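Combine the two chains into a complex, taking the hints into account.
Sequences listed follow chains F and U, in order. Per the numbering used here, the very first residue in the first sequence carries number 1; after that it's consecutive. Per the numbering used here, the very first residue in the second sequence carries number 229; after that it's consecutive.
Everything labelled a hint here was simulated from the structure, so no lab data went into it. Keep in mind that a hint or two might mislead.
[Said to hold, decoys possible] The list that follows gives simulated cross-link-like pairs (lysine-lysine, DSBU-like), each with its CA atoms no further than 30 Å apart: (1) F:Lys186 with U:Lys301; (2) U:Lys295 with U:Lys261; (3) F:Lys135 with U:Lys254.
Note that the structure is predicted; figures quoted are calculated from it, not measured.
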Amino acid sequence: MKQFVVIGLGRFGSSIARALSEMNFEVLAIDKNETLVKSMENVVSQAVVLDATDEKSLKELGIKEFDTAIVSMGETIEDSIMITLTLKELGVKQVIVKAQNDLHSRILKKVGADRIVIPEREMAEKLAQSLASPKIFDFIEVSDTYGIVEMVVPKRFANKTLTELQLRDKYGVSVIAIKRKIPYSKPDGSTDFKDEVIIGPGGADDTISGDVLILLGRSDDLDKIKKL
Amino acid sequence: MKDDFKDLLELSDFYILSQQYDEAIKILKKAEKLSKVDPKIYYNLGIAYEALNEVSEARDSFRLALKLDPELKSAQEHLDRLIEE
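The following block holds chain U by itself, in its conformation from the complex (with noise of 0.2 Å):
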């Protein structure tokens, strides 16, 4: 199961950088299904999502992240970024 949820996240990285974020946040979901409390499931969720300019749930995605890990400092960046004042 530990190497299917690696695969998973790798495969999204892959999603990813060949801009194919539907799919990438298709497998993040499954992923998620495995396994809830690594940060990069929400990091790469939020990407994904603020890739395809859906703020409110990139939004939601890197603030999960940050609070599995709260030193995730390029999700607070995203996060940052994506609050408008």
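Okay, chain F solo, but in the shape it has when bound (with noise of 0.2 Å):
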């Protein structure tokens, strides 16, 4: 199983910790101030109170066996920078660190960082795409040119065969799935639905209004498709 270590236990540090642990992954989380490490004793497999910019102390606790580092120090630039330089040194596989801004972003590149977060910045570019199309929930790239787009049906596209929609041919995307809100009477003889999932869908398949399909194509092609 991978084993993860957290530094730093501030807001986004502990975030993240609590859900790999919620994933049943092993973590072990490290700050220097007691407090924090206290309220995360019971949530990860250990917690440690530990000044992670202290090389012998990381030594020590075996910090190379693990695959994941998460830096995540909000105090000082400088702290994390360092961090990262020894977690490297050390032989850490896989180190993330959390970002200030984009100076610091270009340092720890340097450093060895093998991946980099800007919270902030990619919740913010997250939010201001889903409220300038509200119909696309979400978009996953799958390498550069091609993604993966969730969207609503578009009214147009509702009520017809993914035949007679032919994306394929006009649009260049393919349907991977549809998802679906089916639904039925309670006993209470209120009505309410489920969520069903279409994998695969044939040409013979319809679509409702309210579906969302999951699109796979360019992302020029995606581009043009939510739009629509």
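What follows is the structure, encoded as structure tokens:
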């Protein structure tokens, strides 16, 4: 099983440690602040009070045995740079670091960080995108040119079979799944619905208003269809 | 009038169950003109809007249903689901 070490237990660090723990991964949580460490004691496999800028302490902890380290130091940029450098020198395979700005990010890349996250910016971009296209729920980049988009079926596409829609011919995208709400009557007489996913729908499958289509295609083709 | 109102609500159930959500909304708007005090109008409106992924309208409808009946658990559950964290 993968083992993670989370260094810095502020809001971001503690959230990621909690989430990984809930997924049943082994998580070691580190911070020099005793109160923060105490609050994670019953959440993660192990929580330790330690100054992670101290290379010797990290070494003694057997840090190189961990697959991934997540560095989330809120206070000082210098600390996160130092810790990243140390972790890489000690042989941690993957080091993911929270950066505060572009300059910080550039330095982290130079000292060997494998992945850099700027959570506020990523969240803001996602929110902006969802505000710009409220009918687009998600976009996943598969490669530089291909992606998967989750979008509510445009009104003019509703009540047609996939063969009739000709999405591959007209827009160059494939429907890989349809998410649908299936209504039912509850024992008390009220109506409700449950979610159903049709995986790999065929040409004879039709769409209903409110369906969510999961489409795979080139990013520029997906951009076109997103505007419908 | 009472019967008309009841019929409209039943018809809206039928349209929802047969996945004709736009029709259900039309009928419920008619019912609303007859009476605005039955939480079921707004609950069904919420269901129809949610099924169409008209999230903001769905939220407003479930809120109205809860205003009329704060104990309406299913409306609260739908509303909670529609308020993203």
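Here is what the structure says about each hint:
1. At most 30 Å may separate the alpha-carbon atoms for a hinted pair to count; lysine 186 (chain F) and lysine 301 (chain U) meet this at roughly 13 Å.
2. Note on lysine 295 (chain U) and lysine 261 (chain U): the hinted pairing holds, with a Cα-Cα distance of about 18 Å set against a maximum of 30 Å.
3. Among the hinted pairs, lysine 135 (chain F) with lysine 254 (chain U) is consistent with the structure: their alpha-carbon atoms are about 22 Å apart, no more than 30 Å.
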